[in-house]
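A.B. asks: Sequence:
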Amino acid sequence: MSLAEWIDGFFGSIEGLLAVLLAAAVFLGLYIYTSSRLQAERTEALERIRQSLTLYTQLAGPLSAAVNRLDHDPEADGQLAALLLECKAADRLTPQLLEQINAYLKDRDHARLPRLSRSLESEMNALVAERGETLRRLETPGFGLGLWLLLKPAVPGLLFLAVVLLSSALITRLREPSSWTQPELWLLWLSSMLAALSVYRLLMDARRGLPGSLFYGLHLLIAAAALPLFFWPEAAYYTLASQLMLYAAGFWFQSAPSRKERPYAGHPELLEQFRERTSASPEAEGNAAGEPVRRAPEPRTPRRGKARRSPKS
Numbered sequence: 075m076s077l078a079e080w081i082d083g084f085f086g087s088i089e090g091l092l093a094v095l096l097a098a099a100v101f102l103g104l105y106i107y108t109s110s111r112l113q114a115e116r117t118e119a120l121e122r123i124r125q126s127l128t129l130y131t132q133l134a135g136p137l138s139a140a141v142n143r144l145d146h147d148p149e150a151d152g153q154l155a156a157l158l159l160e161c162k163a164a165d166r167l168t169p170q171l172l173e174q175i176n177a178y179l180k181d182r183d184h185a186r187l188p189r190l191s192r193s194l195e196s197e198m199n200a201l202v203a204e205r206g207e208t209l210r211r212l213e214t215p216g217f218g219l220g221l222w223l224l225l226k227p228a229v230p231g232l233l234f235l236a237v238v239l240l241s242s243a244l245i246t247r248l249r250e251p252s253s254w255t256q257p258e259l260w261l262l263w264l265s266s267m268l269a270a271l272s273v274y275r276l277l278m279d280a281r282r283g284l285p286g287s288l289f290y291g292l293h294l295l296i297a298a299a300a301l302p303l304f305f306w307p308e309a310a311y312y313t314l315a316s317q318l319m320l321y322a323a324g325f326w327f328q329s330a331p332s333r334k335e336r337p338y339a340g341h342p343e344l345l346e347q348f349r350e351r352t353s354a355s356p357e358a359e360g361n362a363a364g365e366p367v368r369r370a371p372e373p374r375t376p377r378r379g380k381a382r383r384s385p386k387s
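So the sequence shown is numbered by the working numbering: it starts at 75 and just counts up by one.
Hints are computed from structural coordinates only; laboratory data are not their basis.
One thing to keep in mind: the hints can contain errors.
Cβ-Cβ distance ranges computed for the label pairs, FRET-style [stated by the list, open to error]:
1) T128 x L219: 25 to 35 Å
2) R205 x S138: 36 to 46 Å
3) R182 x T128: 16 to 26 Å
4) M278 x Y312: 22 to 32 Å
Cβ coordinates follow ideal geometry from the N, Cα and C atoms, glycine included.
Work out the full structure, taking the sequences as your base and the hints as a guide.
C.D. replies: Here it is in structure tokens:
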């Protein structure tokens, strides 16, 4: 068997071979591009942690000295304010720490410094732990993690191939004259595209914490909603409606945390006074609720004087 006959038997024609070679080239290009992009993202994440830790460590020493200092030193206070302003440019600065820094810079009250020092130390410990975990995952990954790091750059290419196949199937069905009057074909294709997009976000994005869990859960449900379409294409109406509802639910969970869920950044003495009022006696609770406090009547003392004589019978 000659090479031309083998190509005709396996690929159907020279055009089929060229299509396969083009698809392989596109897949390889996407793999290389995605791999380099993921590596750049890891390097950028480590650089952002390093930049934030550098600013935090420069502030930690003068801040601890200001907390332990009893007298007022204008020069040291000016240096501390300058370092706090530099920390506002940290890449990993949290909103809670920024709120406390702004509160101190606004009134320069030294009573805020102990709480600010504790928050800064907590942020530093969290960044050091995150940096160590990131380096461990990159330098000494386990078998499963190493395999996933090898296969993760192939996800965009595989999803691109799936999108091409689904679009080709739609074009093939649309060649029939009666298919243009069937809206479920378009709904099926649109639902499949939404599922492919959710699979991409599910596998490629990396988020942690409670928002990350909600993010992964929503995209997992959106992708899983398209599974019945493999054996029940007529369910495209319900599948697309459920996917759109899940996407709308994602905007609901993106709301900012309420003020009660964020740390207190005001004056520490006011916080202590508030805690004392809320943990006081039931009388204070009644006053705080705006209800009148009823006290038990005091026992009356007997009157002094001659006791009345009982009438003689």
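A.B. asks: Now tell me if each hint is right for this structure.
C.D. replies: Okay, the hints, checked on the actual structure:
Between T128 and L219 the beta carbon distance is about 29 Å. The supplied range of 25 to 35 Å therefore holds. Taking 36 to 46 Å as the suggested C-beta distance range, the pair R205 and S138 does not conform, at roughly 22 Å. Between R182 and T128 the beta carbons are some 25 Å apart, a value that agrees with the proposed interval 16 to 26 Å. A beta carbon spacing of about 28 Å between M278 and Y312 agrees with the range 22 to 32 Å that was offered as a hint.
Going through the hint list in order, the structure does not satisfy hint 2, though it satisfies all others.
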